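Student: These protein sequence lines are chains A and B, in that order. All the letters of the first sequence, read from the start, carry residue numbers 1 to 210 under this note's numbering. All the letters of the second sequence, read from the start, carry residue numbers 1001 to 1210 under this note's numbering.
One or more hints might be untrue.
Under 10 angstroms between C-beta atoms, here's a sample of chain B residues computed to sit facing chain A [what the hints assert, rightly or not]:
{"#": "1", "residue": "Y1032"}
{"#": "2", "residue": "D1033"}
{"#": "3", "residue": "V1037"}
{"#": "4", "residue": "I1055"}
{"#": "5", "residue": "A1118"}
{"#": "6", "residue": "K1150"}
{"#": "7", "residue": "W1173"}
{"#": "8", "residue": "A1185"}
{"#": "9", "residue": "D1187"}
No more than 27 angstroms apart at the CA atoms, straight line, and that leaves these computed lysine-lysine pairs for DSSO-like [claimed, not checked]:
{"#": "10", "chain 1": "A", "residue 1": "K146", "chain 2": "B", "residue 2": "K1199"}
{"#": "11", "chain 1": "B", "residue 1": "K1059", "chain 2": "A", "residue 2": "K59"}
{"#": "12", "chain 1": "B", "residue 1": "K1146", "chain 2": "A", "residue 2": "K199"}
{"#": "13", "chain 1": "A", "residue 1": "K131", "chain 2": "B", "residue 2": "K1030"}
{"#": "14", "chain 1": "A", "residue 1": "K199", "chain 2": "B", "residue 2": "K1199"}
{"#": "15", "chain 1": "B", "residue 1": "K1150", "chain 2": "A", "residue 2": "K30"}
{"#": "16", "chain 1": "A", "residue 1": "K59", "chain 2": "B", "residue 2": "K1030"}
{"#": "17", "chain 1": "A", "residue 1": "K59", "chain 2": "B", "residue 2": "K1058"}
{"#": "18", "chain 1": "B", "residue 1": "K1059", "chain 2": "B", "residue 2": "K1048"}
{"#": "19", "chain 1": "A", "residue 1": "K30", "chain 2": "B", "residue 2": "K1133"}
{"#": "20", "chain 1": "B", "residue 1": "K1150", "chain 2": "A", "residue 2": "K150"}
{"#": "21", "chain 1": "A", "residue 1": "K133", "chain 2": "B", "residue 2": "K1191"}
FRET-style restraints, in silico, Cβ to Cβ [what the hints assert, rightly or not]:
{"#": "22", "chain 1": "A", "residue 1": "W71", "chain 2": "B", "residue 2": "A1017", "range": "41 to 49 angstroms"}
{"#": "23", "chain 1": "B", "residue 1": "S1036", "chain 2": "A", "residue 2": "G149", "range": "49 to 57 angstroms"}
{"#": "24", "chain 1": "B", "residue 1": "R1172", "chain 2": "A", "residue 2": "D153", "range": "20 to 28 angstroms"}
If you're looking for bench data, these hints aren't it; they were derived computationally from the structure. Small disclaimer: the values here were computed from a predicted structure and weren't measured. Backbone N, C-alpha and C define an ideal beta-carbon position, used for all residues, glycine too.
Number of protein chains: 2
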Amino acid sequence: MPTRAQKKSAPTNERLAEIYRTAAQIILRKGYDATSVNDIANALGMTKAGLYHYINGKKELLFDIMNFGLWELDEEVATPAREISDPAARLRFIIDAHARLVTRGQGAITILVDEVTALTPAQHRKITQSKRKYFDFLRETLNELKAAGKMQDVNTTAAAFSLLGMINWLSRWFQQGGALDEQQAADEIVKIALHGLLKPVKLKAVDGNQ
Amino acid sequence: MPTRAQKKSAPTNERLAEIYRTAAQIILRKGYDATSVNDIANALGMTKAGLYHYINGKKELLFDIMNFGLWELDEEVATPAREISDPAARLRFIIDAHARLVTRGQGAITILVDEVTALTPAQHRKITQSKRKYFDFLRETLNELKAAGKMQDVNTTAAAFSLLGMINWLSRWFQQGGALDEQQAADEIVKIALHGLLKPVKLKAVDGNQ
DNA sequence: ATAACTACCGACCGTCCGGTCGGTAAAATA
DNA sequence: TATTTTACCGACCGGACGGTCGGTAGTTAT
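Using the sequences provided together with the hints, build the complete structure.
Tutor: Quick look at the structure:
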């Protein structure tokens, strides 16, 4: 769990996690600015003053939630991915695991990373740094693939961003109980990212891999 | 130009377009809720009361900007694309033109479509309808390709959304004067979308096209 | 049994924001 | 030249919002 700047002695982690989850869902739906502290408190069956027993401010709550999301991303995607030595398999795992983290609804916390402008400069810097670390890891995987001659001739920076675009966009259209379930949606994205939309046209003159 | 609900006789279109562009840039950077009417007015060298000479309310301004963005999308992407009969060429054109519309900065208006929650239900319905029309057109192109056996085995709905994700995400990372210019960025996205990241592995058993 | 702490609440405050209104100077129109 | 219209502005209002403060009922520790 990520730490929390605590001026009062920390309440039970369980309640705090519930507050994060609830707040994240509301903020995700309405946006940070459009969400009042009262909205969050009411959703928790509390008054605003009651909620302030747990949090130190609206901004800090947002910051804590973002850290929570980035921590999840690291735990469930980046850290396990680092164990995979083959870059192609690793890339596949990253896309799949990240996509499922997004579709898993509550874990949709991740996209709160959008609301980064609402933070103080210091908070902003820290979040940006974490995101940057993940991005670099993703791009490094692409670089390895390229060095191994297994990748199409594309700019790895643009590719990494495009990947994140596809995955993060999931949160806008994926819906629980829709035509695709979580795993199917993730699978589709993996397929598109790795192989594109069109069938390969030229069958000759493809060099250099098994 | 899209229409504007006008209670006062419409001022010069030129000034109005400038207001849209300026407002769009600020809202794009800070978000709709975090942008005050004063922010927009000051950026235009006006007072809030002065700006209210041109607009009928903050929500309606947002709505007008969105319509403007969707109108641009239709004019520069969908309408010309409909002239292209070959679906593969059409898809390529759509991705390229849409991506360039996003990178063109000012035209970044399009992503304001994000702020859809701030609208009234009636406005929301109209914007959603327009977006839906564009989405259906895109997916229809993919369906044609699939029927012609030219597409990988992917769900066309998921593919269309993924495409939009890649393109819309451009606005978050593309920067004027960066390593890639507008056309290069668009090219990269076209390549990734059409051919994926990995080189085709199996050279045989690919059936059915030229 | 008492002291201390936790988990809240009702009432309140200052600020900022969307929006209005009555005006005014300049330009267009007659 | 008289009149209307355009393009603004200063001052103001009501409401919502983030945040604070002084409590208090229930639980835990001593």
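Student: Which hints from the list above does the structure break, by number from lowest to highest?
Tutor: 3, 4, 15
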